[in-house]
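Q: Now for the letters of each chain:
Number of protein chains: 2
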Amino acid sequence: MIFSNLEFDDGQKEHLRRLCAPDTVYFGDPEHPSVADREAFLAADIAFGGCPPEWIPEAKKLRWMQFASVGVGEYAHLDWKRRSENLVCTNLRGFFAVPVAETAMAGLLSLYRGIDRLVELKPRRTWMKLELRMRLKTLSGANVLLVGYGSLGQRMRNLMIPFGCKVTAYDKFAEGAEWTELAELDTALPDADVICVALPDTPDTRRLFAKERLGLIKQGAVFINVGRGSVVDEDLLVEALSSGRLGGAVLDVTEKEPLPVEHPLWDCPNTVITQHTAGGSSDELDRKSSFFTDNLRRHRAGLPLENVVDWERGF
Amino acid sequence: MIFSNLEFDDGQKEHLRRLCAPDTVYFGDPEHPSVADREAFLAADIAFGGCPPEWIPEAKKLRWMQFASVGVGEYAHLDWKRRSENLVCTNLRGFFAVPVAETAMAGLLSLYRGIDRLVELKPRRTWMKLELRMRLKTLSGANVLLVGYGSLGQRMRNLMIPFGCKVTAYDKFAEGAEWTELAELDTALPDADVICVALPDTPDTRRLFAKERLGLIKQGAVFINVGRGSVVDEDLLVEALSSGRLGGAVLDVTEKEPLPVEHPLWDCPNTVITQHTAGGSSDELDRKSSFFTDNLRRHRAGLPLENVVDWERGF
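Which chain is which? The protein sequence lines are C and L, in order.
Under the working numbering, the residues of the first sequence are numbered 290 to 604, in order.
Under the working numbering, the residues of the second sequence are numbered 290 to 604, in order.
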């Protein structure tokens, strides 16, 4: 039996049921898991989506868990060594590179080309052509530093080169990154006009951007975070944005999501808060279902699954 | 003597004076030309910027006019055949391709990735992650039709290909355009998800997008205009946006600028009005001065000038 807790509508449920037959599919509540949902999860041999982390150690029948995200940090504390003999986990790494890179570019270009200001001016019917023009920047010639060089970082580079950006990348593991050591990252940071962070949440990445490293960033630079909120000290980020030391930010992720109503980030100038929508698209659930059912075919045929999570690296 | 009416600050004026020596430079008012400005213009042999069109027939000493824009439609009605023996005009075609293409991409990506909505939500501190995600589109796979394939259209193609767009271009003259006949444009239009118009204002282009041709555009497509407002019937554009037949628009240009306070475009949904800022950047005036003084060197050496206006084609 397959357990899923994604936000499918009735048509999508029916479609997934057909694709998964002869396996049956149980659909749990995406937001508020019920007692019945938990029982179904414990009876399932396959899960597609997520679950409260504490359910996993009890799910003795579960053989394969297909997460519907790239980040799996909320499950990282579990004792995966014990479970890994009989439970394989897969995630969606690479899946979101296209939409997330587009949102990162959209937010960055909005700041550089004043779209955020122009959108605010529209309901006020206020023409500010000359004042605005003199303040706009062009990406052409900008120094971009990608922090994290997985499929998303690589796509960012491909999109940015034709704009005339000079792009370098830091990544401890990924091929093609110019910088692999933190000391190199710190040498590159002061030259960057744009810093684009696309890192998973792991013990290595948590608070990577705390006081010292945030202090290396150039006056007026734009900070993009499309990885996980935990990578940056949010209090210091708020301070750098409010004081104008940072020129702006595009934040798809924050430490707390939904971002609390009283959070000071809502008030920061030149800050585009994309509310963890960057991975989204109107065909997102259909594409996720396709990825899952492709992996389901491999699972049934006893073939290696795509995107197996390496719990030592944390993604 | 050189006449200029650009919006220079004192430092920029001093800098231009030095670059132009031994010629003297007279700086007229950019917005409200005075009687003294007119007299200076009539005494100048070189002008850099623009002027009230009716001054030109009287400016007997003028030998070279460097416009500070690409579009010169407001001067097109003058009797250039008579003047062209002793007056050469140059414009800034190509000069704005980089910033304008970035604003076009910024506006388009904002609509596709919901940045316009997210910017509106920020002061209201409203989290709408799931509702928004399901409505976002990706440029990847979008069919883009460039209408006008000068340096700007060509740059747009170079920026869009890495996003995974399928791009074709219409242009009566430019090399590299797939479509050169209006009949071909009309065949291509119904397939386009994005139409990006970058045409000058000429008798050929005026109302190119009127009732019949606007009717060929696909339901939900996005219309970008970074050329001149005269190319489209604005009443019909408002209707198509208000009814939702068009999915959105990015409008850098309108028929009347500044766009009047009572104009219905301010109320159109999914419409990014960039207020003729697309050509702008913080270094814009310095770059214009460089272009002018490079041409000034050619003028003094008796060499052919860059960007001579062809009044038969209108740009």
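Simulated from the structure, these hints should not be mistaken for lab results.
Take the hints with a grain of salt, since some may be wrong.
Copies of the same chain look alike in the list, so a pair counts if it works inside one copy or between any two.
Derived lysine-lysine pairs resembling DSS-like cross-links, with alpha carbons at most 27 Å apart [claimed, not checked]:
(1) K411 x K507
(2) K461 x K349
(3) K500 x K349
(4) K302 x K418
(5) K545 x K418
Q: Determine for every hint whether it applies to the structure shown.
A: Evaluation of the provided hints:
Proximity of K411 to K507 under the C-alpha cut-off of 27 Å is restricted to the inter-copy arrangement: shortest distance 26 Å between copies versus 32 Å within a copy. Taking the shortest alpha-carbon separations for K461 and K349, neither the intra-copy value of 35 Å nor the inter-copy value of 69 Å comes in at or below 27 Å. Taking CA atoms no more than 27 Å apart as the test, K500 paired with K349 passes in neither setting, with 44 Å inside one copy and 66 Å between copies. When the C-alpha separation of K302 and K418 is checked against a cutoff of 27 Å, the pair qualifies only between copies, where the shortest distance is 22 Å, while the shortest distance within a copy is 50 Å.
Taking the shortest alpha-carbon separations for K545 and K418, only the inter-copy value of 13 Å comes in at or below 27 Å, while the best intra-copy value is 37 Å.
Consistency note: the structure conflicts with the earlier hints numbered 2 and 3.
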